[in-house]
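Chemist: Add chain B to chain A, keeping to what the hints say.
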Amino acid sequence: MSATVDDRPEVHAALAATRGQAGLAAALRWETRKLRAQLRSRALLLGALLAPIAVVVVVSAQSRPPKDTLFGRFATENGFAMALLVLGFASQWLLPLVTAVVAGDIFASEDQHGTWKTVLTRSVSRSRLFWAKVLVALGFGLVALVVLAAATIATSALVVGRQPLTGLSGQVVEPHSALLLVAAAWATMVPPLVAFTCVALLFSVWSRNAAVGIAGPVVLGMVMQLVGGLGGIEAVRPLLLTTPFEAWHGLLASPRFTGPLLEGCTTSLVWSVVSLATAFLVLRHRDITGG
Amino acid sequence: MSAGAAAVEVVGVTKTYAGLVAVDDVSMRVAPGEVYGILGPNGAGKTTLLRMLFGLIRPDSGEIRVFDRTWADDDVRTLDGVAGFIESPKFYPYLTGRQNLEGLRLLDGTGLPDRVEEVLDIVDLTGREDHKVGGYSYGMRQRLGVAASLLRSPRLLVLDEPANGLDPGGIRDMRALVKRLAAGGLTVLLSSHHMDEVEEICDNVTIMRRGSVAFHGTIADLRTMAPDPGHLLRTGDDAKAVVVGRLRHPDIVVEPSPDGGLVATGSERGLAAYVADLVHAEIPLLAFTPTRTPLEALFFMLTDAEADPPSRPVVAGACR
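Quick mapping for you: the protein sequence lines, in order, are chains A and B.
Each step along the first sequence adds one to the number in UniProt numbering, with nothing skipped, and position 122 is 122.
Each step along the second sequence adds one to the number in UniProt numbering, with nothing skipped, and position 232 is 232.
Worth flagging that the hints you see were computed from the coordinates, not collected in a lab.
Hints are supplied without guarantee of correctness; some may be wrong.
Okay, the calculated beta carbon distance ranges per label pair [as the list claims (entries may be wrong)]: (1) B/Gly165 with A/Gln62: 55 to 65 angstroms; (2) B/Pro93 with A/Gln92: 29 to 39 angstroms; (3) A/Ala25 with B/Gly165: 34 to 44 angstroms; (4) A/Thr289 with B/Gly260: 38 to 48 angstroms; (5) B/Gly139 with A/Val143: 38 to 48 angstroms; (6) B/Pro93 with A/Pro255: 48 to 58 angstroms; (7) A/Leu49 with B/Lys132: 19 to 29 angstroms; (8) B/Gly165 with A/Val58: 17 to 27 angstroms; (9) B/Glu118 with A/Val58: 55 to 65 angstroms.
Positions of the beta carbon are idealized from the N, C-alpha and C atoms, including for glycine.
The shape of chain A in the complex, shown without the other chains (with noise of 0.2 angstroms):
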């Protein structure tokens, strides 16, 4: 170790004039920069984009189509009842997960290195740094969700075909307006796509701890299957957030209905605002001892 600190009168003179808080747009390029670099969020996009090619491959090459499930009477001789079978699987089991494992561990990891304590004594604010996590995790969310759609439907109609699209009421969509419904069937997943990564979110600063993180809402919308699947259970079915990934079902129906899916999007973003609310204030206030 060879030199000494830079104690120009010019370089202080520069200092004492610029020095300030790093921005949310610096702390935020920090955040997508980190996130780039781990091989589980690249590893996660790849499999978005080839999971769905291996599925609609095989499905397609059954002699049997999976009759009990939503389209799945149609899925191996038509392309959008397939891309809407994959949503069907995806909404119940793979989005809840695929957005966790970023947004579960994206607080956490930094308990789990030990980092806190170093990127909080640089010139950035706890607030800032938790609105990058927050913004990076939503953004890797639906850049996750675009490439699941994208992937399945380019395959479906690729393997399967762009027949006309037998509705839920019976009814005949043609394949332009029949694409249409499907991507905004898949567009309907953003509301509680957004809100299972603010729960996540939260999980990950309150255990500071990454597997509960990741694991904590994939376990809570299990739960949340489970008792919308129960009877008399009415009133409290809104307010599940697994009920809105079933909001698209009113695009396919013939008249269409849309109330589920605005009382999907008002349960998400309550679930969202208090997830991140929480989430904020604990951060906040936190004693940073570990690490």
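Modeler: Showing chain B alone in chain A's frame:
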């Protein structure tokens, strides 16, 4: 920063965790350009105090001013011109050393010059900067921590146990670096539980014990308070050696050591005369080694966990 403002001013700071007082009404002042040591055994409250300085934890009461700024009024701007690390520096293992530094530079705000290459050179990490930090040795991470601190071109460098975990060569290099940085006019606040480290580097020192201040003052003041040096004696006839000491050298204390042999405590002149008498009495002298330096002895006296803490800190002289 107002004229004459301290680099760090701690006033009556207290922090309690679940009923345990980690820092108890601590006050201290670090002047600009000073190398200040916070000394104490593990659990004395040094790291908690530094964490409060960095805003990582909040004091229950009291105030910490850094270049006349406080967390309550200035939030993260309190750290303008401040850099350092708490305990061992931590980095993202899946990023390279350079990527870590470049990322931290982003979080330092605008206007700082790009000194990544320069600081890597200062800490001798050139050539390893593109390796992932996960593969770095402890000493390399410690040096990367110093590099990350220097990246901020600080006026105040805060180092918490900087030599911890380093091999003797690393300790030597780290101390030399701190001395060079201090010689360049940097204010250094350094915590340690090694008396020799603080004695070698610091101008002023605060000794902490169980969260409280046990001593404030200069290293020179500390030296004047230090007890006589103790030496471990191994002789061919310890019983006879004790008798010689008691009969002929009342100015020194000779008593059996719990680890075997004898411990002789007294002035250097008294000890020299005692050893000469042992030789004269034909008692074989097998070993004569210092037990601990006087400052170490004083440190243990001030921080001994068995003893009751002093009701008020020993203050010897004013800080610069």
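Chemist: Now look at each hint and say whether the structure bears it out.
Modeler: Tested hints:
At about 59 angstroms, the beta-carbon gap between glycine 165 of chain B and glutamine 62 of chain A stays in the expected band of 55 to 65 angstroms. Between proline 93 of chain B and glutamine 92 of chain A the beta carbons are some 35 angstroms apart, a value that agrees with the proposed interval 29 to 39 angstroms. Take alanine 25 of chain A and glycine 165 of chain B: their Cβ atoms lie about 37 angstroms apart, and the range 34 to 44 angstroms holds. Distance hint check: the CB atoms of threonine 289 of chain A and glycine 260 of chain B are about 42 angstroms apart, consistent with the given range 38 to 48 angstroms.
Distance hint check: the CB atoms of glycine 139 of chain B and valine 143 of chain A are about 40 angstroms apart, consistent with the given range 38 to 48 angstroms. For proline 93 of chain B and proline 255 of chain A, the hinted distance range of 48 to 58 angstroms is satisfied, since their beta carbons lie about 56 angstroms from each other. Separated by about 26 angstroms at the C-beta atoms, leucine 49 of chain A and lysine 132 of chain B satisfy the suggested range of 19 to 29 angstroms. Distance hint for glycine 165 of chain B and valine 58 of chain A: a CB-CB separation of about 53 angstroms, inconsistent with the stated range 17 to 27 angstroms.
A C-beta distance of roughly 56 angstroms is found between glutamate 118 of chain B and valine 58 of chain A, which places it inside the suggested range of 55 to 65 angstroms.
Hint 8 alone, counting from the list given before, is not met by this structure.
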